Amino acid sequence: MTGWEVPIGAAIAFAGGAIATGIAQSKIGAAGAGTVAERPESAGIVIVLEAIPETLVILGFVVAAMIIIMVE
Amino acid sequence: MLQKMKQVLVVGPKRDYQRIIDVLYQAGSLHLEDAKTESFTQMPIGPLDSFNADEVLSLLVRIKGQIQILTPVDAKKQLKSPFIEKYAGLSYDELKLTATSLCDSLEERLRSLETRKGDLDVRYTTLLRYEKIIKKISPLEQQLPILEGFEVTILIIQKEYESVLEIIRPFISEITRNQFEFISADLDEKNIAVITVFSKKYASKVHDFLYSKNVNEVRIPQEYSNMPLDDALTLIEADKKAITLEISEISEKIREISTRWYSDLITLKTLLSDFLEETSAYSNFGQTDYTFVVKGWIPKKSLPAIKKALHVSFGDAVVVNELEVEKETEDSAPVYFDNPFWAKPFEFFMNLVQPPRYREIDPTPIIAIFFPLFFGLIVGDIGYGLIILIFSLVVRFHFKEIAWIQQMMAILMISSIPTIIFGYVFGEFFGDFAEHMGWLHPLTLFGVTWNRIEAIIPLLVLTIGIGVFHVYLGLSLGIYNAARHHKKKHIVEKVGMLGAISSILLLVLSFAGHVPESVQIFLFILLLISVIGLIYGGGSRGVIEIMGTIGNIMSYARLMAIGLASVILALVANRLAHEIGILIVGIIIAILLHALNILLAMFSPSIHSLRLHVVEFFSKFYEGGGIPYRPFGKERL
Amino acid sequence: MEQVHPTRMELMKKRSQILLAEQGRDLLKEKMEALIQEFFKIMVNFSESREGLEQLAIEADLALLVAEAVDDPVAVKSASYATKRQIMVDIAGKNIMGVPVPVIQKKSVALNVMERGYGLIGTSSRINEAAEKFEAEMDMIIRLAETETTLRRLGNEIQMNRRRVNALDQIIIPELKEQAKYIRFSIEEREREDLFRLKKVKKLIERKKKKKLMASVS
Amino acid sequence: MDNGYVNARVKGMYSRLLDKGSLSNLILKPDISSLITALEDTPYREDLERALVLKPGLSGIEEALRQNFVRTIQKIKGFLEGEKSERYIAIFSSRWDIHNLKTILRGKRIYVPSGQIRENLIPAGEFDEALLSELLKQPDIRSVIDLLATFDVSYAAPLTEVFPEYTEKSDLIILENALDRFYYERVIGLVQGKSTEEQIIRQLVQTEIDLINLKSILMMVRDDIDPDDGERILLEGGRVFNLKKLRVMLKLGSVAGVIESLEGTPYRFLEDLRSTEGDNLKISAYQHLLDEYMIRHAVRLYRGDPLSVTVVIGFLWAKYTEIMNLRIIARCKNALISPEEMEAEMVYV
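Residue numbers (our numbering), protein chains in the order written: chain A, 367 to 438; chain B, 1242 to 1878; chain C, 233 to 450; chain D, 5 to 353.
Same shape as in the complex, but just chain A:
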């Protein structure tokens, strides 16, 4: 019963998360780079902050995986 709509759906789920993460990380990255340039001691925090929006792509991935696996 799996047709073309399953991979497309999974792709949309993943893409959404990935794009959102990309946008968020680009901004955090820019700001983070600025922060580290001025205050190198805050590098640790910046790395963690940079990782925070990654949640989105992970969730997207999980949803995509679930769509594919569960439909199968």
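It is worth saying that the hints were derived from the structure and are not from the lab.
Do not rely on the hints blindly, as some may be mistaken.
[Said to hold, decoys possible] Calculated cross-link-like contacts (lysine-lysine; reagent style BS3-like; alpha-carbon spacing at most 27 Å):
(1) B:Lys1585 - B:Lys1245
(2) D:Lys141 - B:Lys1482
(3) B:Lys1305 - D:Lys79
(4) D:Lys141 - B:Lys1441
(5) B:Lys1400 - B:Lys1377
(6) D:Lys59 - B:Lys1305
(7) A:Lys393 - D:Lys81
(8) B:Lys1454 - D:Lys141
(9) B:Lys1376 - B:Lys1441
(10) C:Lys431 - C:Lys442
(11) D:Lys286 - C:Lys365
Here the structure is a predicted model, which means the values were calculated and not measured.
Put chains B, C and D on the given structure of chain A with help from the hints.
Showing chains B, C and D alone in chain A's frame:
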């Protein structure tokens, strides 16, 4: 764990102060504090007549100034100075003399080179400017004959004053008795350029007239004026070349000096800065009329040693007073980690974030337990684990000198062990390679076969369960910390949060049918009480925090998700290899993909389990902002 | 004193000279007193102004300090370039008891904000106030210059007068008096001599007369 | 476009500004040399070390402060190079162009040697070293203006326009006014857009114009300037006061009157000062309040939209204020002024 610290006051006779400082310096365990804030019952403690740093400072400024002018030299290429080894052994006075004489010999030459270079740079930009305007005008000039004994004047007129042209022309004609050329054209959107050529004998009259008409004349430096603009351009071009040449000559000269002296200056700078650093500790010492006073924190373990050392050298003349410490003062105590060997590498993370305060719980051991666990759960592959283990061992071996690499690799090494264990549980060895070959199978525990691809839901439950446990642990630590600081409201808030989260979780479970419905009423009551507690402890924000905390717990699902991503990449690698007909190509592709996956597996899981600690876990109890322990002594320099 | 002819004529001349000298002296004394009075009148003012000047100088320095502190010395220096660098003063003169003293016509160099040369927009009122204070100080200096010259002139005049009075009092008048006295003495002496001679002549004549009488009698 | 990177750096720089505590600490230092020692522990260290080699004591500190400020502006301009927001920063920094240009014109008029004029320039603006040194080389005011025209610097136009009037009356104010007027007109013109960013900056500039006008009027009224003559000093485009209102204020004739007329405007705080301190206050006392208002207003921008260029503008004002405060401390310390008087001149943000 943090070391227990004692605040001490060391008091000795003033005449011995150099020797006392030496002994303390050798012991290298005292974290200095400003002794001048202490005071004996009646006697104020004044600052020690300390070393005057001005001299060193100004010398350092001179050296730094020269270093700035010089170009850094590759360590391999530079000429080894014959003195450089000697510097380290010099006393301060000798060092000062050497540095001063070196500065004296270099400074003037360098400064004049640098100034010359700066001037040339400025001149170059100026020439570019003039060149730009001349280039704009020169096409116009082509239409005019340039004659000997004639003067060329260029005017710029804004377009809105274009009518002025009509006035100027007849006047110039009259002044010069019609011996003139006059041509105008648009220069750019805003301005019109006018070129007039007339006999030199009318020059002053024409200029006076132009002045009275308020027209801007183009000012070109003397050396380029009164010649055809093309010639001026050629001349400017030649001058630019000459300047570039001279600049490169100067740079070459500076480079020559650099190869000879750069490392000398750097060495002197380092030594003098060290010296300055050392003497800056002196500002912490105090004195009264006859005694010399040092105040500081010392780890309890090191206290007997320092007492003994002082006693051996000075007998009873030097007293070490242990100060009674108020709870509040304890907060200003420096923190010195004291962790078992297996937790020590994880202090790296604490320093990355912020060290804890003295009276806080040091979460390092907890990170040391959970970080590898999370890492292992995410990566969960025997093959990857082994490669990471080998990788970390190799890197550790290669970079023995660099402390932070050592620490990071130790973390990876420790983390690779649970990775292998989880790999065994999940039956993964380079993805499903081993399973495919029939060597290994996912274990079946608690009625679930832990094949990560299939057991998504159980894994999700497991990770959320870990999340619940971790967050509860955090909240409990928060209660402990608050109790230690006697912050009643905080305790109530944290307890309320525990109650609220528990009741909500249990309610969810009961609605799902896993918990008997009969307890629902109690759960609601518990929730109500908890919310009241939360409002008492943290206000409305406390209630909103419930959502945050539940979000935090859900966030642990990433343990499953990232793991899943890594498994699927591994599967893809294997399957590609399988499906490509040519064996060798398939293997190469598989190896490349696995390599990529391992690389990702070293970064992503580390960052995410670190994030789970810093964001989700620490927010429940951790304050941070402690002062790192920096003992006065050898280690410091 | 040798030149003096001890004649009655001379004596009368001396007498009138003495009188004249004494009158002159009294006149000079009066003038001196008047000058001294004038001097002190200005002097009081002067010392007050002097203190005022010191006060003004302190205030001006403070205003400059504030301007430099808040607006950067560079801005103050820049504003200073905008000012005209000279002050023109017209000096006339007047007479105090025959002493010529200067009078400065335009006593105030104080300007208003539009006259100081720099634009108002970019320059702070602190710089402006510093300028104002210094202008006030300048005014005071000019005024003091006027009074100080006056005082010096008056002082000189008083000195000179005193010397004159002294000369009259202690040299000329006593000398004249001495001369008059000498003349008088000389005249009296001469008169006495004449009398004595007369008496002697008279005696001689009488003796001759008596001899003649005796001779005739005898 | 957002300014994530730049703003993060600026925030880092902002966090290194001295807080009130460290400033009061500096105020309490007994003398200049201990002040220098204390400043060694601040971000001014590097500039201070360099400046003190050439100029000892107070002038060294002042030089260091100036250098630091110039360096800060250059640094921020470096981040923003090529960005759209660069021009908003230019709004702030080009006021030093005006200062430099005015200084050169003033100096050239009375034939001050170029070297001396140069010492009073602050290269924080848009003019580069090359332009400044060419300007300094010119013999007189006319040739300075001509050179500006030659290099196509926009200030040439307003100066050329009023030059005949200047030659006629020989009044430098004419040239300076033309410059100031041009500057503010251009700035207002730059921020006519509808974006929030431009609106905020426009408001800031308009407020500044108001404050400048107010200050000018107070100064002129105090000196009994003929209102018809005073009009030429007034700037158009203020936030609260239009030209008509300003003219009315100029005709009020007394400082007290002008201040009373502020009732109902955001600047009525001057009235509070007047009513507590009396009518004989110096204009600078009012200006202090006005400056403070301006600085507060500008620094508040720092806390606005974290991704907007306004953060940078707010920071620059805060930095400017800090440098002013430090200069006040240093100058006053040198002249043994008491801490209380010192604090009266300072502005805390």
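Now the hints, each set against the structure:
1. B:Lys1585 - B:Lys1245: holds, 17 Å
2. D:Lys141 - B:Lys1482: holds, 23 Å
3. B:Lys1305 - D:Lys79: holds, 20 Å
4. D:Lys141 - B:Lys1441: holds, 24 Å
5. B:Lys1400 - B:Lys1377: holds, 16 Å
6. D:Lys59 - B:Lys1305: Satisfied, since the Cα-Cα distance of roughly 17 Å is no more than 27 Å.
7. A:Lys393 - D:Lys81: holds, 20 Å
8. B:Lys1454 - D:Lys141: With Cα atoms ~24 Å apart, Lys1454 (chain B) and Lys141 (chain D) stay inside 27 Å; holds.
9. B:Lys1376 - B:Lys1441: holds, 24 Å
10. C:Lys431 - C:Lys442: holds, 16 Å
11. D:Lys286 - C:Lys365: The hint holds at about 12 Å.
The structure is consistent with each of the numbered hints, conforming to all of them.
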